[in-house]
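These protein sequence lines map, in sequence, to chains S and X.
For the first sequence, our numbering assigns the number 2 to the initial residue and increments by one for each residue that follows.
For the second sequence, our numbering assigns the number 38 to the initial residue and increments by one for each residue that follows.
Heads up, some of the hints might be wrong.
To be verified - One side only, chain X facing chain S, incomplete, derived with CB under 8 Å:
(1) 56
(2) 85
(3) 87
(4) 108
(5) 112
(6) 128
In case anyone wonders, no lab produced these hints; they're calculated from the structure.
What you are looking at is a predicted structure, and each value in this text was computed from that prediction instead of being measured.
Glycine included, each C-beta is placed from N, C-alpha and C at the ideal position.
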Amino acid sequence: MRALAARFAPLLLAAALAAVALVPAGFGGFPAGRLLGLAAGHAGLALAGVVPAALLGLALGVLVTREAGRPLRPAADAFAAGAQAVPPVVAVALAVPAMGFGWGPTILALLLYGIMPVLRATVAALEAVPPEARQAAIALGYTPAGALRAVELPLAWPLVLDGLRVALVLGVATAAVGALAGAATLGTPIVLGLQNQNQLLVLQGAAATAALAFAAEGLLLALAPARR
Amino acid sequence: MIRFEQVSVRFGAVVALETVSLAVEAGVLCTLVGPSGSGKSTLMRLVNRLVEPAGGRVLVRGRDVAGENPALLRRSIGYVMQSTGLFPHRSVAENIATVPLLLGWDRPRIAARVTALLALVRLDPELAERRPAELSGGQAQRVGLARALAADPDILLMDEPFGAVDPLTRRELRAELRRIHADTGKTILLVTHDPEEALELATQVVVLRDGQVVAEGAPAALVAPDAAPFARELLGGGQPGLRRLSLLPASAAWEDAPAPPDAPRLPPGATLADALSCMAETGCNVLGLEEQDGSLRLEAVLAQGR
């Protein structure tokens, strides 16, 4: 029962926050229809940044835990930490002159921001695979690639999924900064509200962003429950 | 079946094996015994290319393993490890089916083989769907043995297979292994640091020390008075004479003269050590054997110890 509650808590929270965001629409706030449209754009933008970040983080994590890739580990760690150290707002601001307004700068910022959680989780998960299971796989006649696919990744998967969830939630929450570079996101009402001193718009944008982040977390949790 | 020719192995600057030559014939249960760091595991791991020689050749079934595909070679050789190495995310049946699956057997054939193996290692078929974490140490080790035997390899490598289980289970597993060896006639290479285990299981014992073979032969010969001193010391357990008698069957000193009617009788399969123990307990210096004529005299028993 408690496990079930933990599994669906983020979705309930998302629903509550969505109500907070939508109700003011009837009282002179940001129109509900436009808010939903922005939410769709926001989700798309977040995925456009998080999916490549996840793939890159996974690939790097697998690479640096292979025998041949081990020397690359410090460089990969430093890259991921450095990429995360740059605040997304700064990344967006710096990318605008090069990439122009629109989705580009935000995708780049989300990509940089999302690599580290996935890379860290992948490396930790692969290193937590019992060494004797891997040794046995090789001794029984798996090729190194076969051992990775059939033994290491299945055993590492629950921990990797934790990292993917963190990256997705971070990405969805952070995508709001895209509004600064002219991308239509749930950050748009926040920026509008700040410019016009309308706190209702700020509240709506913030609540809607949080609702979407919790919904993403809830969806992943529902698809693949957290480890016991 | 397996030949090592002048094999040397180095790990960095450390010499693990130095020009070792050894032959293990088909059907032999060969135990490799020695102190830690003597190179016994390394010697065994050369056979399926988990270790590569720095010099010399390793021949398996008459062919140099250096020319074989490592993964294919390993699928043709059973492997059992001390920590069992069972895959925690797979059921007992799936673990056992590992190599047949790699070899591309069809489903019905694999299912039949898994059932047969559970019976061979005397595991309850009910365990087939369990995960390794739900097994006792002895059960897990039996699954490990079944997995190694799954594709019916003619060679079996065992790396301290009974080191991590309690003494009672260990004795049981040893008996199972002897039975399976007798039933299947496989060539078995078994690494152990337990001298008693090495002697009890083997038809051939190889004693290693500092990367070299210091003695090799039948178990009883390696604790005889003329055996290499290191082997005698390592394997003899402080009482090499008694150890030797425990390795020889009572029939070795059997005589046709009938035993006195009131003489104690030994069960079939008794060793000379059993006979000596019986004599010490009863004070009789002549014994008979159940269901057989003839007798065993104290002098004849002692003569075998020399």
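Going through the hints against the structure:
no., hint, verdict
1, 56, "26 Å, violated"
2, 85, "7 Å, holds"
3, 87, "6 Å, holds"
4, 108, "5 Å, holds"
5, 112, "3 Å, holds"
6, 128, "13 Å, violated"
Violated hints, in rising order: 1, 6; the structure is consistent with all others.
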